[in-house]
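In order, the protein sequences belong to chains W and F. Numbering-wise (the numbering used here), the first sequence opens with residue 1 and increments by one. Numbering-wise (the numbering used here), the second sequence opens with residue 1001 and increments by one.
Hints may be right or wrong, so weigh each one.
What the hints assert, rightly or not - Okay, the calculated beta carbon distance ranges per label pair: (1) F:Ile1143 to W:Val276: 31 to 37 Å; (2) F:Ile1143 to W:Asp365: 44 to 50 Å; (3) F:Leu1010 to W:Thr83: 32 to 38 Å; (4) F:Arg1045 to W:Phe429: 22 to 28 Å; (5) W:Lys279 to F:Gly1141: 32 to 38 Å; (6) W:Asn183 to F:Leu1207: 53 to 59 Å.
Since the hints were made in silico from the structure, they are not lab data. Bear in mind the structure is a predicted one, so any value in this text is a computation, not a measurement. Even glycine gets a Cβ: it sits at the ideal position worked out from N, Cα and C.
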Amino acid sequence: MQGQKAVWFLVILFLVTLPSLVFAGTTLVFQGYSNPNEQVAQFIQNVLIPEFKKAHPDVDVKYVYIPFAEYMSTILQQAVSNTLPDLVYLDNPWVPQLIDANVLQNIRDYVMKDLGNDFWMDFFPGHRMVTSKDEGIYALQVHTNNLAIFYREGFLQKVGVGKPPKTWEELLDVSRKIKENLNLYGLIFYAGADEAGTWQFEPFLWSNGGSLLELDQKEAIEALAFVAGLVKEGYAPRDVINLKDQGDETIWFMNGQVAMMVNGNWEFGWHLLPDVLEKLGDVRVAPFPVPDAAMRSAILPFGGECVGITTTDAEKSKYAWELIRIWFGEKLEEYYEKWTGHIPTLASYSAKIASIRPEFKVFIDQAAYALPRPPMGGMEKYPDVSNELALALQKALTGAQTPEEAFGQAAKNIKNLFTPEQYEKHKEFARNVLTEVLARTKQQ
Amino acid sequence: MKMPKVSLFLFLLPSLALICAFGIYPIVYNAFLSLKDVNLISYIRGTAQNVGLTNYREVLDDPLFWKALFNTVTFTLLSIVLQMSIGFLLALLFYREFPLKGLFQALVMIPWVMPIMVSGSFFRWFLSDNGFLNNFLTALGWIKEPIRWITTEKMAIYSLTAVNVWLGIPFNFILLYTGIQQIPEELYESADIDGAASWHKVMYITLPMLKPVIVATFILGCILTFKVFDLVWIVTKGGPGGASHLLSTLSYSLAFDRFQFGKSTAVLVLMQIIVVLFISLSNRIRWEER
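Kindly generate the complete structure, drawing on both the sequences and the hints.
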């Protein structure tokens, strides 16, 4: 009797679970490097996915977190083993390479049909440049960021400085006063031997008219000499070369070891949260200093993340796009207002967000002069170019080489990465973009 | 009863399959990649071209490779010599009985039980220009300017070696201590009767009896130290200006900072060749001694 009951139980269990096995709903995998406790991941999990599920209750969406340091190697393994997720969240400099590697699917038809050409053209030009190739659109940049000077007003007032530095000369002067009167470092920036080190040097380089592909030219060497001088004079700590990341700068800044730091708007969603700002009481933000007082803004690289579709399955692709459409559609304003320390990539949202979140105004104003990194540094060779620059920067900052020697050698190495024709083509492109933006910064 | 050869092979098959899948295949695949022009795009698209020995030529022409090789050899030899010497002295010390021996023994093991992420991050701060060590020396009045432990090209690799010595002492200590405990007590008693001094007992009993353990510890230590990656990556990322790169960090940087997988694997293959040569040489010396 017992055995018979057990058999019947198993038969019933099989019949009950059969439909769920046969008609299992679609599962969409959304992969990102935003930690589940961070704002962007919280937005994806608590706002975006629930909103999507209202219309598609049978589709399951899983957010999978991979740490930033392992992200690209994971994508690589997944691409080679055909185990890519359906949607990916990507740092913008990776996008051109992943387009060329056929990892990202063309979403132009979706964009044009659901959001329209006006929407696409509303993106700042640099964001369009990074996420598209030829006629295709392969990702959309959800937010951007750039760099400015965070400063402690109290320290500046103590040394009789009423306004934050606007030019390089003023930056030196304020740093000197801080050093001499308060025995503190004036400024901290990040100069690790990686892309973030290059990213923080690019505003000095580009604002002075220097190009990543012409590092042996006067403008580039001057920029390097200026930054190396800050360390040499003791206005910035030599430890900038060994900081863990850009967040490390904020630790120094919050501890009162430095009066100013070069950092990005994401800090308002990371370390400089409202309670910390209230406690410190005197944190302010000023535009990135310029070498020439006639310039309206520094020329900076832009950062920020993009979302793209990797699945080739037609049905999943449709659902993946639906998630992106919701993000860029009905939830975009809420995202910028509440869920991110980043700033808009769309011109029409910029002014509005600047009025709602005044702490972002400086960054939003600078966004009009921000440039994409890969196209300015040889596109697919950008990681190599960036690495050469970061190494040269460290050599100059530690005094192992003079700025001329460091950038002379780096320029030679960078030139060897390309064929002569390729090199000329990329150099010309970068030079033209720089000339145009430099002219724009000096227009009245 | 003699077992048929096929049965013997079947018993070996599971372990052979594991060795082939997780040992030999990655090495062969690595060597295969090192002969191709592999970058992020060509790797994913499967369009990497055969370039023969070009990656090796480019790696060997790069001064950074030679710097990393010099660093790796210096780092390995200095680490091993110092770790083994200190480990041996500690093993001799702990062979005797003294109060709170258990507690001190546990303290010696601390570097081994700390996650490398924690100890690496600690030493990055400890050795920085504004870190604890410089502040401490300044407070004592011993220095006026901070010593640039990890911010000069010349000094960084030696500072990292010192940290690695600290991390590796427990490994050497535990192996040598276990070895010393295996030496028969009677030998020391006979030496005592003959009136041998402590120093003589170490030189003529402990060291000769410990030789197999010392050799094994040396070889294991060399291999483990030769492939150290995490400590250097966490403290200096191979900087400043690439001056503290080891072959392991250089290979990682080529792969994941620059996406030059062909060159990166060429560095790894060269590392493997060096390790194989070293092991063969040490085996030959041991065989000849026998």
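Here's how the hints hold up against the structure:
About 34 Å separates the C-beta atoms of F:Ile1143 and W:Val276, a value consistent with the hinted range of 31 to 37 Å. Taken as a hint, the range 44 to 50 Å holds for the pair F:Ile1143 and W:Asp365, whose Cβ atoms sit roughly 46 Å apart. For the pair F:Leu1010 and W:Thr83, the supplied restraint of 32 to 38 Å holds, since their beta-carbon distance comes to about 33 Å. Separation of F:Arg1045 from W:Phe429 is about 24 Å and conforms to the stated range, judged on CB atoms against 22 to 28 Å.
Checked against the hint of 32 to 38 Å, the pair W:Lys279 and F:Gly1141 passes, with Cβ atoms roughly 35 Å apart. Between W:Asn183 and F:Leu1207 the beta carbons are some 54 Å apart, a value that agrees with the proposed interval 53 to 59 Å.
Violated hints are absent here; each numbered hint is respected by the structure.
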